[in-house]
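Just so you know, the protein sequences line up as chains A and B, in that order. Residue 142 in our numbering sits at position 98 of the first sequence; the count goes up by one each step and never skips. Residue 231 in our numbering sits at position 42 of the second sequence; the count goes up by one each step and never skips.
All clues stand as given, with none of them false.
The calculated lysine-lysine pairs, modelled on DSS-like cross-linking and capped at a C-alpha distance of 25 Å, are:
id : chain 1 : residue 1 : chain 2 : residue 2
1  : B       : LYS490    : A       : LYS234
2  : B       : LYS522    : B       : LYS454
3  : B       : LYS487    : A       : LYS234
4  : B       : LYS454    : B       : LYS520
5  : B       : LYS490    : A       : LYS55
6  : B       : LYS245    : B       : LYS235
7  : B       : LYS367    : B       : LYS308
8  : A       : LYS137    : A       : LYS79
9  : B       : LYS279    : B       : LYS308
10 : B       : LYS235    : B       : LYS292
11 : B       : LYS398    : B       : LYS520
12 : A       : LYS55     : B       : LYS487
Quick caveat, the hints were computed from the structure, so don't treat them as lab data. Just so it is clear, the structure is predicted and the values come from calculations on it, not from any experiment.
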Amino acid sequence: MLIFLFSCEEKTDWDIQPGNLQTIVAEALITNEYKQQEVKLSKPFPDLNGQALPVSGAVVAISDETQVMNFIESAEVPGSYFSEIPIGASIDKTYVLNIYSEGETYTAEAYMVPVIPSWPIQIVPAEDNLREINWTAPGYNPDDLAMYEVIISWTHLTDTIFTDTRTEARMLHYTLNTIDISYVVFPQEKEEVLFPVGSILIVRKYSVTEDYAAYLRALLAETEWQGSLFEDARGNLPTNISNGGFGYFSACSVVADTIVVE
Amino acid sequence: MPIWTNNGPTTIYLFDTNYQVVDTLNFQDKETVKTFVNLDPRISLKYMFDSTFSVKLSYGIYHQYLNLISNSISPFSSFEVWLPAGTNIKPQRSDQVAAGFVKFFNKANLEFTTEAYYKYMQNQIDYEPHASLLLNPLIEGELRFGTARSWGLEFMLRRTQGRFSGWISYTWSRVLSKIEGLNNNKEFSPFYDRPHDLSVFLSYNLSRKVNFSANWIYYTGSAITTPIGFYTYNGSTVPMYGEKNNDRLPDYHRLDIALIWNLNKPERKFQHSLSFGIYNLYNRHNPVSINFNKLESKDGKFVIPANLYGMEDIVTTQEYLLGVMPSITYKFKL
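Can you make the complete structure from the sequences, with help from the hints?
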């Protein structure tokens with residue numbers, strides 16, 4: 045363990061091994077919020093900071109036992125497909141996603157479980173009279189699997205002393221049903237996100253099924269925990285998208301709140 | 190002929206072909222869960238042509254009943270789990286054959302040894318990607334099993350006596366695993382497959398009391414899995430992989446030197462010495478992992494992105510352990 049304290053990290057160049065990227069990535073998360081639900085389709089890209097190209101011209105639909113909801117591609121944001129009309133998904137229902145793109149059909153199923161309302165954050169003072177988020181939601185609670193999203197905006201604050209050019213932030217936090225050493229022991233340092241008094245926070249809590257929790261855990265392993273002290277062997281994330289697709293289709297019930305930072 | 194028995198109390202989960210639990214068995218205290226009886230025959234032959242040249246040949250079957258379970262690719266794996274062979278885990282078996290010879294060169298005071306070996310291993314253990322191993326009662330459902338084969342040639346030239354001593358050893362070896370459910374059931378190099386391994390140790394007595402030594406080691410970088418591409422999901426950049434362990438860490442090498450000063454005469458009962466050493470003399474940065482998930486912060490630190498609206502580039506980083514490190518050691522022996 046002591047040796048680890050002498051470990052160092054430095055930038056390096058690494059040649060990415062070429063491979064077959066001929067598939068699609070589906071980011072499909074429908075909620076119980078009454079709105080135009082969204083499905084994003086994109087292509088993988090070969091370079092670390094490459095741009096995900098949108099998958100346009102696909103036929104996208106989500107169905108439940110009683111109805112089919114068609115999704116239409118946005119003219120402004122190619123690759124983003126929105127339900128024709130505002131809809132809200134329901135708990136204890138199974139939804140089926142169907143995508144037809146470039147001669148291939150991809151399907152996935154998702155089940156929605158209820159969300160338990162609770163608030164995951166404290167807003168605490170930071171340097172220069174700014175504020176930051178202290179997550180209070182536990183990383184482990186098998187009885188309340190959840191994904192928390194906080195969207196912070198301070199674009200309306202023109203007289204702030206804050207000099208950062210960014211005026212918006214989006215942060216995620218998860219409560220899962222596994223205990224992972226990389227999460228608990230020597231977690232890797234995260235980017236500092238500071239915001240001024242007067243910022244507006246929208247906090248959402250999403251319900252998460254056990255299958256989606258397994259996906260989110262693998263997502264953390266490949267993103268936040270990569271390079272950590274007890275890192276797992278690497279591998280592709282599990283997916284519920286058929287036919288070699290990547291990404292995940294989930295159905296989540298949501299509770300939300302808006303806070304003005306004091 | 191080892192005999193291995195598992196006794197209760199315990200709970201055993203049985204899994205179907207999709208690794209879902211299909212049955213749960215509870216065993217009472219001292220109740221036999223599973224017994225293995227295996228033959229481990231071993232034979233070793235050695236023929237000495239003369240006092241300086243001998244040939245040896247060996248064959249053996251070996252079984253291993255206790256398994257260290259760790260999916261970590263980090264060198265700091267103190268959170269492993271030990272699992273015994275049992276209902277879901279067959280004992281690991283290795284059939285191995287080796288042949289070699291030893292030759293002494295009396296005038297030069299040198300010994301040359303070489304050996305070729307082949308091993309075929311069954312019931313080898315690997316892991317479902319992102320296996321959950323800690324505090325998981327269904328841990329055996331996270332394991333994947335298969336075979337491995339390894340072969341190699343080892344050479345060593347050694348001088349043990351005289352003012353100048355040391356050795357040079359070189360091993361060329363390969364290991365390939367084939368695990369059901371991993372890498373599309375195709376063979377792959379496991380992490381510890383390092384085809385070339387060379388080490389040189391030299392020791393020179395500068396005087397009766399002062400010894401200088403140098404040790405240089407080199408081996409091929411371990412097999413690792415690196416991305417073939419990336420995709421975005423919910424604001425994160427996620428690596429996409431092709432074949433398991435498709436890539437290798439950079440080759441590992443370093444030079445260590447030491448100067449040992451014996452503070453009293455060798456014939457004295459009380460012995461004490463002072464040694465000055467330099468580990469990794471030329472400050473080689475030997476990476477232990479390559480990461481594709483960090484931002485470089487304004488103060489030069491590498492951090493995990495937290496703001497998913499951020500526009501900063503992700504950088505590739507490598508982590509390495511000790512760079513150059515001097516040491517002073519005082520030893521005494523009563």
